[in-house]
Structures are given as C-alpha cells and as structure tokens.
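Number of protein chains: 4
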Amino acid sequence: MHQKKNPVKNLLQSPQNEVIREFVGSLPFDCRLYSWDIIGSLAHIDSLKAAGVLTAKEQKDMRGGLIELLDDLKKGKAELSPALEDIHMNIEALLDEKIGSLAGKLHTGRSRNDQVALDLRLYSRERTLKTLEELAELQEVILSIAKQNLKTVMPGLTHLQPAQPVTLAHHMMAYWFKFKRDFDRLKECYNRMNFCPLGAGALAGNTYRIDRFQVANALGFTGPMENSMDAVSDRDFVVELIFCLTVIMNHISSIAEEIVLWNTPQFGFINLSPELTTGSSMMPQKRNPDIAELARAKSGRVTGDLVSILTVLKGLPLTYNRDLQEDKEPLFDAFDTSIDSLAAIRNLLSTAKFNAEKMKDACLSSNLVATDLADYLVGKGIPFRNAYAIVKEMIKESIDDESPIEKWSLAQLKKHSDLFEDDAVDFLQPEKAVERREIFGGTAASAVEKSLSLAEKYANEQKKAIEKIRGDVEGTISRLLG
Amino acid sequence: MHQKKNPVKNLLQSPQNEVIREFVGSLPFDCRLYSWDIIGSLAHIDSLKAAGVLTAKEQKDMRGGLIELLDDLKKGKAELSPALEDIHMNIEALLDEKIGSLAGKLHTGRSRNDQVALDLRLYSRERTLKTLEELAELQEVILSIAKQNLKTVMPGLTHLQPAQPVTLAHHMMAYWFKFKRDFDRLKECYNRMNFCPLGAGALAGNTYRIDRFQVANALGFTGPMENSMDAVSDRDFVVELIFCLTVIMNHISSIAEEIVLWNTPQFGFINLSPELTTGSSMMPQKRNPDIAELARAKSGRVTGDLVSILTVLKGLPLTYNRDLQEDKEPLFDAFDTSIDSLAAIRNLLSTAKFNAEKMKDACLSSNLVATDLADYLVGKGIPFRNAYAIVKEMIKESIDDESPIEKWSLAQLKKHSDLFEDDAVDFLQPEKAVERREIFGGTAASAVEKSLSLAEKYANEQKKAIEKIRGDVEGTISRLLG
Amino acid sequence: MHQKKNPVKNLLQSPQNEVIREFVGSLPFDCRLYSWDIIGSLAHIDSLKAAGVLTAKEQKDMRGGLIELLDDLKKGKAELSPALEDIHMNIEALLDEKIGSLAGKLHTGRSRNDQVALDLRLYSRERTLKTLEELAELQEVILSIAKQNLKTVMPGLTHLQPAQPVTLAHHMMAYWFKFKRDFDRLKECYNRMNFCPLGAGALAGNTYRIDRFQVANALGFTGPMENSMDAVSDRDFVVELIFCLTVIMNHISSIAEEIVLWNTPQFGFINLSPELTTGSSMMPQKRNPDIAELARAKSGRVTGDLVSILTVLKGLPLTYNRDLQEDKEPLFDAFDTSIDSLAAIRNLLSTAKFNAEKMKDACLSSNLVATDLADYLVGKGIPFRNAYAIVKEMIKESIDDESPIEKWSLAQLKKHSDLFEDDAVDFLQPEKAVERREIFGGTAASAVEKSLSLAEKYANEQKKAIEKIRGDVEGTISRLLG
Amino acid sequence: MHQKKNPVKNLLQSPQNEVIREFVGSLPFDCRLYSWDIIGSLAHIDSLKAAGVLTAKEQKDMRGGLIELLDDLKKGKAELSPALEDIHMNIEALLDEKIGSLAGKLHTGRSRNDQVALDLRLYSRERTLKTLEELAELQEVILSIAKQNLKTVMPGLTHLQPAQPVTLAHHMMAYWFKFKRDFDRLKECYNRMNFCPLGAGALAGNTYRIDRFQVANALGFTGPMENSMDAVSDRDFVVELIFCLTVIMNHISSIAEEIVLWNTPQFGFINLSPELTTGSSMMPQKRNPDIAELARAKSGRVTGDLVSILTVLKGLPLTYNRDLQEDKEPLFDAFDTSIDSLAAIRNLLSTAKFNAEKMKDACLSSNLVATDLADYLVGKGIPFRNAYAIVKEMIKESIDDESPIEKWSLAQLKKHSDLFEDDAVDFLQPEKAVERREIFGGTAASAVEKSLSLAEKYANEQKKAIEKIRGDVEGTISRLLG
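Going down the list, the sequences are from chains A, B, C and D. Numbered as in the numbering used here, the first sequence ends at 482 without a single skipped number. Numbered as in the numbering used here, the second sequence ends at 482 without a single skipped number. Numbered as in the numbering used here, the third sequence ends at 482 without a single skipped number. Numbered as in the numbering used here, the fourth sequence ends at 482 without a single skipped number.
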C-alpha cells in the first residue's frame, strides 16, 4: 500500500508490457552493482549537502536509509523487483519505502547516465584489483617453479620441433615476463579509467553548485572527467579492460596448451595432481587435463566478449544510447572468466610435478646441440653459413645411421671437419649448451638468476601498485561507509 | 544414506577440490538440457533392449524411473547438485536414487561424449524451430505493413542522402526478402545438423549391436552420423547456427537503426507506441526508442558469441576435448538474444504508426526526381552521361535559388534543354516517378504487388518447412514420452 | 586530347584532391573484377537493345569495343587509372577512347550500385567453383589415405590423452565428413547467391523496359532478385561466403594442428616430405612443418575477414552506403587464403609418409583397451558402472607396477574379477578392439569400408554439383563472349 | 653466375616447390621492413665487432656493403627475389653479391627469430610515431572548431533524441578527450614495446659475448628484453598496437556516423566541402559523404585485424612458430587504415562548414529545456521526482497543442505550477540553459573554456611525448646511418 504511492514505480510500471520490460530490463545483471550504486549515492548526497541542495537533516536521513538498505541487501532482507527495470530504480524505490518522498531528492543533479557510468567504474576498479592480485599470485608460483629448476634441462622448441636445450626455469620465466606486461597494461588501464563521471548528468552537466573535484576525491578517483558528454558516452574503459583480460587469457591459452601437451604420455614432462584431473565416464584409465583445456578454451570466450563490446560501440553517435547497456555482461563475464582461469592455472601449476628425467631424455636424441656445434666452428674462424652447412651434413648422417650426435666421439666429429678438437665433445652435452648462453636473457643459470632478481624487483613494484589501488577501493568504502 | 553408495557421486566427488569443481562444472548452464537428456536416454534404453543388452523388465523399470524423474524435474521436485559436475551425471544419480543400481546400466554403450552431442542437437532443433517461427511472424508483420503502404511515397536513400522516391511498401519488402534468406539459411543448417551422434561412444563407436539407424529414426533424425570420431568432435552445427543468428541480428541491427533514425524529430517518419518507448529519469520530455537501440546493440553480442566458438575450436585436434564444453553458453545466448530481439522488433513495428505526410514532405525538397529527369532526356535520344550533365546544372540552380525543382514550370525546364516538352512536368512528381519503375523488383505498385504475391508463395513454403521441423521435434517427444 | 573531353574523367577528376581520391578509390583491389565487369556490360547491352534503348548498330559497336577492351586488358595493353576511382569508371573511360561518346549509353538504366553487386556475384561464383574443386581434391587425398590404412591402428585420443584404439583410415575419414559438410554448406550458399541484381539501378529499379529475367538467364543466374532495394544493399552473400570459408579454415586448423603434433619426435606418426618443410637459418637440424603452421594460423586471418565484414554491415540503414565498398578486400582475401591453404594441406598430406609402427607402439602402452575390458565384464552381466570400477583398479595396478595391461596374462586378469575367462585375452589387443566396433560409423574395417562407399557416393554427387556450377560460370562466358 | 655460389639461395631454393614457396614466402609483405632490417644489421655488426667476432676490417666492409645496399633498394636498383622467401634472406643474398662470403658472418649470433622481432618493433615504432602525429593533428582541428563555437547552441542528444541544449564546442571537445585517451594508450603501448629482442637468437640466446644493453641503446630502445624465449615468441606488442588502433577507429566510426547524420537534409548541421564529397553515376543531385562512410566502415577492418592476430596467437606453445608470420599483414593494414582515416576525417572536418542556424532551430522545438524547468522547480524546494512529474504534464500539453514550450508565456507556465515566477521565462531559452551549466565539465562557455585550457596543456604534453619518440626513431637512424 505504501507501494502504491511510489513515484518511481509508477513512472515505469505503467507504460511497458511485460515482454518488453524483460527485453529492456537490466536488473538480472546490473544487480551486481548494488553496493557500488549505494556508495556512489552516499557520495552524491554529501555533494548535494555541500552545494546547499540538501539540509543536514535530509542528508542524515538519506544516508541512514541508504546504509540500512545496503545492510538489508547484503543480508538478503530487501527484495529487488525486475519490474523496476534496473538497479538504480530499485534502490531508489526501496529507499522510498524506508524514508518516504525524501528519497526523490536523491536524483537531484544526477541522471542514470552518469550514475551507471560511475557504478561501472567503481565495480571495475574492484575487479581490476582482484585480477592484479591473481596475476601476481600466478607469477609467484611461476617464480617458485623457476627457482627450483635452474638446472633442469629440457628441449626448447620452435615449430614444436626440438631446437636448442633450455632449462625449465628459463621456459617458465618467459611466461613470468609476459604476465608482467599484462600486469602493467592493466594497471595503466586502471589509471586511465580512474576518473569520475559524476556531475555529468544526462549529458550536459547539471545546474547545481556541486564540487566535482571533491566528490571525485571522496570516491577515490584521480579527478573528475573533463567533459560531460564524454563522461556519459565513454565506454573506452570497458573495451580496454576486456582487451587487457583478452591478452591475459591469450597467454593462459598458451601455457594451457603446453600443459596439455606435456601431459601426454608421448611428452610426459608433467604429472598433474590427480585431484585436478578428470576421469571419463566410459574409459576407466583416463586422467584428463580438463582444467587446462577449459582455460585454453575460455580465451575464446573473452575474445568474444571483446568483439561484442567493439561491435556494440561501432558507429554510435554521442551521447548516451541504450546500446551502452550491453556493456555490462561482456565485462562481467570477462572478469569472472579471467579471474577464475588465473586461479585454475595457478592451482594446476602449483600442484603439478615436473618430470626432469623425461625432459632430459628428450634432449638427448633430438640433435639439439647442432647450433652449438656450428658456433664452435665459427669460433674457429669460419663464417656461420659454412659452419651451418657442415653441421647439416653431420645431422644427416646421424639420422641415417640412427646414431644420436650427442653420443658421437671426437673421431666422428673430425670426419666432418678438422676444426673439431678435444674441447668439442663438451659441445655435445645439453647442460653445457645451456650454460654457454650466459648472455643477458640467456639460458645459463647465472643469466636466469639475474632475471629472477629482476623479477623479484618488479614483483615488489607490482605489490606497491596493488597497495595503491587497494587504497583507492577500500579507502572509498571506509570514507563513505566507515 | 542411499546417497552414500551412489557410484556416480563417489566417482566425481572425491577427487576434486571445490574451486576446481566450479571451474570445470557445467551444471549451471547445461541444466537447460535436462529434458532432452532424458528423452535421449529413453531412446538409448530402447536401443539397448533391442540389442539384447537390457531385459524387458530392466527397460520398463529404467523407462519408468526416467519418466518419473522428468516429471519431478519439471515440477521442481528433484534437486540438481553442482557437485555432480554436469546434467548427465545428475540425472544418472537421481535415477539411481529411484531405481537403484540398475541405473548404472544406462551408460552402457554410451559416453558423455556422444550423449552431450546428442542433447545439444535435440536442444538446437527445438530452438531453431522457435527462431524460424519468430522469423516468419516478423515477416508477416512486415508484409502487412507493406500491403497497407503500396502508395506511401518516401525518400529512398543511398549514403543516407535522398536518392529516388520509393514507397514504404517497397522499402519494407527489402527486409522481407533479407529475412527470407535468413529463414532458408537456418533451415538448411537444420537439415545439415539433423543427424544422430548416438552410438559414437567416447570416440570409436561401441561394441554392442545397437541399431544406430533405428535410434536415429526414433529421435526424429534423418539418420546416424557416418563416422564416430566426427560425431563426438563435430561442433560445426553450433558454429553454423550461431552464424545464422548473427546474420539475422545483423539485419535486425539495420532495421533498428532505421527505426531510431525515423523516430528523430528531424525525420519523424515513425511514431513508436508509447508503451514501447522509455522515459528519462532526468528529462521529462523523452520518449526513447530503447527497444530498437538494444536490438541494434545485441547484434554485437551474437557476433561475439560467434567469435567465441570459432576461437574455441581453432586448432583443436580430434576428438573430444574439454574445450568443447565452451560451446553451450554462446549457443544458448545467441538463441535467446535472437529470439527475443525478433519478437521485440516485431512488437515495435506492429504497434508503430508511420507518418505518411512527413515522408511525402521529405520527398518534395530533395531533388529526388533528378534521375527521372535525366531518363526523360535519354528518352529523347541523348546519351545518359549528357543528360546527367544537364540535370546536374538544373540541380545547381535549384539549390542556389532555393527553388525546389519539384515546383519548377515547363519554362524553367526548357531553359536548360529544348528537349523538355509538356509531358516533362509529370516527371517532377515523386508518385509518378515511383510508378514509372514497373520493372520486376521496382517501385511501382504493380511491381510491388508482384513481389507481395511472391512473398506469400514463399511464406507458404516456409510454413511447410516449419511444419516438417515441428514434426521432427514434437514427434520425438510423443514417440518417446507419449 | 581525346582524353580531355572524356565526360567520365571530368566528372570525377575535378572535385577531389589526391589524398582523398586514394582513400576513396577502390581500383587497387576492384581491378580484379575487370573481366566480369565487361561480361556484365555485354549482357546489359543486349538487354538495352531488346528494350529498344539501343539500335542494332549501337549494340554491335559497343559490343565490339568492349570485347576489344577485354582483350587489351588481358594482354596488359590498356592502362587503368587510379584517378578514375574504380574499375567501372575506368572501363567506361577506356571504352570512350575506343568508340567515342556512344560509350556514355552504357550506363543507361544502370547504376554503379547494381553494377558492382553484379560483378561481385559473378566473381564470387567463379571463386566458389574453385574452392569446391579444391575441397573435393583434398577429400580425394584423404579418401586415398584411408583406403590404404584400413588396418593401421593408432591411438584414438580424447583430451589429447590415449582413449581407445582406432585406425588411421577412420581418423582421416572423420575429416572427410567434415569437409563434406563444408562442401554442402558452400554449395547452398552458392544457390542462395546466384540471383541477379541487374536492373535494380541505384536503388529503385529503372524506367526502361528491360527484361530482368532474360538478362539473369544470360548471365547464368537462377533469376532476378525480387526487390531493388534489397538488390543493391544485400551483402549477405559476402558474409555467408566468408563464413563458409571460415569453417573450412577451422577444419584446416585442426588437421594442421594434428600434423604439427604428429611431426614431433615424441609422436613421430608422420614424416613430411622434405620438399615441404623448412630449415632454420640458425639450427641446421631443423625440418619444420611451416606449411601446417601457416595453414593453422591462416584460419585466424579468415576469421578476421568475417569479423570485418560483420562489423562493417552492423547498423547500416538501407540502401547503398559507401561502407559497402569494404566488402571486397575481406572477401578476396578469404578466398585466396582458403584456396591456397586447401592446396597446401593437400600437397602436404599427399606427400607425407605415415609411420604405422610408431602408431602401433603408441597403442601398446596406453591402457587403450580399458573400455573393452569393461565392456567384456558388462557382457558377463554386470552394470557398466561396476565394470568400470573394476577396470579402474586394474589400471591403477598396471601403472604402479609399470606393467602395461596389454601384456597381462589371464591369471592377472582373474585376480581382479572371476568373470574374466579365456576369451578375455583377445580384449587386450588393439587390433581386436578396433574390429569389435562393427557398429555403423565404428572403427572395424568393415564399418569403415561402409563409410568409404558412402563417401564415394557423396563424392559423385559433389562432382555433379561442381559440373552444374561450372556450367553456370563457363556458360555465361561462352554465351556472352563466344 | 656469382649467384650460383650464393649459399643462402642454395639453402632455400632447392627443396621447395614453387606453389609452396608462395604459400610460405613473406616477401610480398615483409619487404616493407627492408630499411629497418638493414639498420638492425648495422647495429648487430657493431655488436659483433665489440664482442670480438668481427675484425675492424670486416665490420667496415659489411657496413659499407649494407649502406650501399640500402641506397640501392631506396633507388630501386636492387631487385628482391620471392624465391628467397623473406626480406632477411634477400638482403643477405644481395649483400653476398656485394661483398662475397663475408656476408655469411652477418648471421652470427642471430636467428631470423630475433631478427624479425627486431625489425617489426623498429617498424612499429615509426608507424606509432606517425599515428600519434596524426592523432594530434586531428585534435588540433577539433580544438580549433571548438574555439570558434563556444556559443553555437545545438541539441544535445541521448538515444538520438533531443535531450538538452549543448554547444558545438562542448560536443567537439568530447571527442578531443576521447582522442587524448587514445594518444595516451598508444604512447604507453610504445613504452611497453620499446625493448630490444636482439641477442635472443632462435630462442635460447647466443654464445657470443654480445652486449645486449649496448646494442639496445644504439637502436634507441629502453633496454634489452629480459628473457630470450619471451623475446622471440612475444607478439603482445602487435596485439596491443592493433587494439589501440581499433579504439581510435571506433571513435572515428562515431564521429563519422555523426557527420553522415548531420549531412542529411533533415539535420543539415554540416556542409561538407564539395571537393570531399562524391557524386552518383546515376543521380545528378547527389553529394555523398563517402569519406565519412568509408572511415566508419574501416573501423570494421581494423577490428577484423585484431581478431585475426588474437586467433593466430590462441593456444600457441613457446617459442617461435611459423604462425607468427601472420602477424605482419594485420599490423600493416591496421596502421595504414588508421593513419589514412585520421587524415581523411581531419580533412573533412577542417574544410566543413557548420550551420549554426539549423542547429539553433533544432533547439527551439524539441522541449530541450524540460530538465531546466524541472531544475527551476527543484530550486523552489520540491523534490526532483515531483518537479519531473509537473514538467512531464507541460510537455504533454505542448505536444498536444503543437505549441513549443520554448514559446510559452509566464501565464502558461503558471497554469502548471504556482512556483513559476518572472525569472522562469529565462529557463525557456537554450542559450541560457547552456550557460546555467557552469559546473566543471559542463556546457557554459566559461566551463568549456576551462576544458580548452586543459586540452592545450595536455596538447603540450603530447607534443613532448611525440618529440621523445621521434628522438628514438630518428636518433636510431642517425646513429647507425649518419
């Protein structure tokens, strides 16, 4: 009965038929924004008070009502109604039930256009923080594997063919640095996003003396957005966030591919934890790497999310168009998928056992040392191209005779070139080949140790970046709710 | 306590930790397949009985249990457990609760690999049917608008610039024929999809004397798939279905764009039903075409679904890989989105009012008749390129003098060419221009009427196609449940 | 000096500055359409003559000029000028140089809008024909490999893990049936595309008594398009063609992935022809499967082409918009890429050697027969789930003891279940397992032979379809040029 | 005849057949990298000399040969041969022709894997610089339009419906700030990309005492990449660059859409320069906004490029796979398209005339001042929701009576609420409404002037960023060639 006078409900319930309400409504997904919507409103109330639009009493009552409502929603005590189209209308209606018509003043100087832009940024900040944390945790696992495997030789592949020996440490660190770029990219996206649209109104700003710098500050933003029409139409941050997640997932798809491959009996480089593999309903012997397969596949999902939002935005005129409502589901899905996949791969790697013996064996029959033999000859003064030709002949013989070059004697070597001397046999061992690449960024333990130190330095910087962002997110909560 | 002995539950619950179960589990979305999963099992049971694997008693008990279970699930009386990973395991576990260990025989000669491929095809058939019905309904609305507007002239645009006069009927029928192609494409996709994977087992077929032709027939399929490894790995139908929906949505995006445009005060060609427009929370004057905007945007969503599945499938080796689990959500979403959007646009069009006066006015000051004037001169024997040049001069004068050519006198025409005679003034009227294009596919009422007849003929064929498919879908249900 | 009076050149050269002409011009790519553009014009001339627009003399002169011009262009004797924006304008200008102002009549009753739609359809028909031919040739190679390998056992994989033994024949035939669907899909796309837009003019038809059925017929089309506004705006065929090519390339990416994998020393299932592998500039031992890698990658390229055209078309209002010019490059690229990739993979497969021994070896230590052992127990009357549990225990023991189950004695089997009897040892051999799956679509030689017969039947139907299309394409050429 | 001994040519020409060479070869597109390939080699030579691998004489001879070769290539005097697969092999072969077998030493300690990664980064730096310059130039044009239109009122739209009055200055500045984000994003991508892969060899580093920091420095990089396997497999920079261009093109598509719209007779807000519009071959009156249409469409092309590269990279294992060759064409195309489109839109805007009168007229009959009237009532003390309801009634009356609210008298206002007083009539004028939004980021001239100042400040920072990057690019050239 109180319901009946609710102006918001009246506004929206009358005109539309049900089918359409469902088509147009966003509550099923934007309900995820409820706490940030309320926090944004709390900041807006303070703003209105400072601008003289609300009295102290009004401010206090509205604030009290909103905080109570937040608590109700968290505890599942308030009910959201799809009939009210979106989360913003729901919250205003619920507030009306609590504090009566005063709730109507909440929307002064604000439109759903700047409100939803605000909510989505606040939400995105928190999820970005979570993603950065997950990235850093995965990097930590990778670093720890690397530290334990500085001397674990394995075949380094190009074209999925044996190329040169490397170490597991070096291989894993390649991913570490990829994820570092992902971290930085996402962090910079955060910095670009962390500006406040509030005050932009429907599109043109508002006529109240609201201090946009102050409210931006209260909400942990770097500052207000500089142009109201940009503020309500901008979804660059959605696109860029999803893109950052796409690249992360692309890297995840590569590491997952390698896990799937290493987990075959043919390669056998890795034993996944039985707890994290799955059986078959028909084949009792199976222990399948489903997590890696799914993580690999989910990269497609996030790429799809990216294409969705790009297509939605293509050719849209200024300013707010209802098309923009289609920004949320791809963003939510991309965050959920990426955060879960990062955790899944981390769990998989941290519980896996690497099979050093199999890796070593794979090094010993693949002519992996061919380049080193050529380098040896270059060291004796002939052009690389000629050395290359000589070694190519040796490889041919090795394959024809099924006699792995790694096991050749000096005499056999000398048959192909007089330049081979005593020290040449050293060049046949993968461990030695690995150690010979002491160059910065190379495979030698000393070089990898240098990159481990660098990684630790970067990890510290990453931690600081996470702290800063956590300060923005949690500071906002404590300032407005605390 | 019965639970405790459930072999399925034991199989799956023990090994995995919770986080991973959530990552790997598909129940939250594949639960939509439950009725088709049961129907598929009913057919499989009959097959096993015919092959002598099950006794008549076993067949009867299993059948009874499954039908009861279907009823329970429909009524919400049975509970699905995410701990059991997917819908197939859930149903087997629930059946075990009903009929005890006999349930274990359900999986004889079947793997989840062929089972899920079956379920997804059965589900897709039903949704394809629904989509075809929606397409046909939208076409019906379009046809009806066309019939009422054979003489309603409006500016035909190229480059969004006035080009030549057309009629609203002709304009709308362009969409009719686009949707016809969409109908045919989807129907052919259905025909290609309607083959039965059951019997393919995990990947290699099975060793029981199951008659795959018979079970395919019982399930309303054209026949069994010819190769078991193809049967479990094939997701072409998912890709093709989503593609068909993408093209539909692409057409929807175009018609939606035109509605948004026509709904501006500048164009004013259409008045949308107030029930189907939305207001602004800040601007009291607004009646926004949100439905059209959302339908336009949702084309991006389906394009994203298409890219998802294509990326998932890229580079996958045979046969089943867990990556394939990522086929369902894009497919479900593409169907939901397209079906809803077709209905939304149909509602919008069927309740809209077209503003014939505004359309006519827009014809009278846009030099739309320029081509006809050139054609007139060509009719008098000069090459088109020269006629073109003369009319171009006339247009220039018309613009400079702000004197619409449509209102020129014969004398004014003659100033530009002596070839203009009495009959030339007829060439200044848009209605006459429209009528002059009697060519097949042209704008004259007689030509459009011909295309209306064609459309009605095609519509009949479409109805028959729908009936045929409905027969497959509903026949399957009645054969197995009836 | 003749040049100077060229009305076409004047029309276009004057207004635009050079930078813009380059941005807007399409000659660098639409020049590929030149022969189809001329053939379309030849048909249009006949049409104009029949409609009384051209005299017999004019028809003859124009026809003569165009055929001469076609010959010049083929021999590189005529020069196209980017200043003339597109191929249509170039050809008209060149014709003007040959036959003077009569060339101006070529454009009577035609616009570049229907003209380019025509050219693109004629071009697409020819390329579709070529693609279908390439598909059929690849299928032939696959069929031939299958025929030679009916008994070549290999591990069938799910999740890239050994699952059940299959034969190479069966594995290859899975691809055969995938490519068959691709063939059918493309053929149906052809049928949907093969309608004639000519006569649609700029958007509204034209005012001449042109017989659109006759000209459609002369050009080998099924008939004219039913609506002029649809005819000039429709690019569905471009989208659908690229989609069909995307699915082909998706299949190519899978077979390529398998080739890359089989080519590793770990798998060793295939030896690629040295002529078709590539070395490394640094590593003398490398023979890399570059062709397979590139073919796999090129699937991404065609997916990109598909997204391009879908994004271009999103939200476009009727009718022709210049955006549509962006249809050509993705289409051309998708055709080129797919045709080349099909040929490349065909070459790779037809020259590869399959290593039957390695495949057999891989079968003997992977517990591939586990399902058969479970089936054996089911045959003795226990539910599958229980049989599954027993075999699971056996597998565990086999792994713990490093004693491949394939080599177990009957006694060892009996330790796990009394149900194992003399005939059980048969169930340990992969060849026997393969033969046990005689079910339609299964792995037994008899079953695969059945699918080979089916494939041959289908191949014949495909050949007829190719002949029909070749008739359309070549018939058009001979009718109009012959 | 010198040719015959060319070891590079022999290496590659023999094994492959022609068809395959074409499929595998990259020369048709990677030839664009030739000057950067030579510059990279010049740096590598210095490195080899410093490491004691080359003598001073060798260094000098190779350097001389390469510089001569660069000059030959620039002047078209050297010929590239597709038979030599790629640009790197071509250059080495040409060098061999110049300086004989010494050329063979060029490849010491280097692989095509790190070489091509280097070339692509050097190329990308230069194109990034060009893109940033184009962005800045477009921003300059926008800024200049804004400065001239601080008082030019126009309807601000949401949902393409009139919402509130804004100024052209404010509208244009929304784009300015969008492009600023684009600038920053691309600049940060540059910083992330500007690391040197040289020294990574095929994948594992090399065994020579090359100083990677020094060579990185000589080539204008921030430093060497930290991990050799990452260095040769990383294509993140390609993905990120294309993404940055995609966002730019997405913004271009929006501004292009608005230009197309404003250019319609219905809107009439803009008159495009006749030099930059195109006629129709059939309709003499047309002046089509082709440039805007094409720029809009080309956003689809770049989105396609992005999807291409993402799909190519999906699921690739470390390290170099030939798939990576497919990185170049999408990157080249995305740069070309974006740079050209930015220039095209800049040309279009800088030569367009804005029609202030039409814009003003459009403000006066659209109830644009509704929000202001509601705000007026709120100022009198009633809640916004109630004010909203009152104004809604007024709008209804205005529409029913076809009496634009902008022309109402005070008496008419008072009929709806007693709160309206003398000062209310001010609220009916769009100019006043615009001025009332003095809030930061709002529409008032004072507020827009503030944002102009900010923009100028940012523009200066952008200029400095461009200078810094130009220093890297040109410094590299002058250090190595100068």
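There's no promise every hint is true.
Stated by the list, open to error - With a straight-line cut-off of 25 Å between C-alpha atoms, the simulated SDA-like cross-links for lysine to any residue are:
1. C/K75 / C/S478
2. C/K392 / B/G25
3. A/K360 / A/A459
4. D/K457 / D/A136
5. C/K415 / A/R192
6. C/K358 / A/P404
7. D/K130 / D/N347
8. D/K450 / A/L129
To be verified - According to the in silico footprint, chain C covers these stretches of chain B (three or more CB under 8 Å from chain C):
9. 28-37
10. 116-125
11. 164-171
12. 189-200
13. 318-329
Keep in mind the hints are simulated off the structure, nothing from the lab. For each residue, glycine too, the CB sits at the ideal point set by N, CA and C.
Handout entry: Hints breached by this structure
Key = Of the numbered hints, 3, 5, 8, 9, 10 do not hold.
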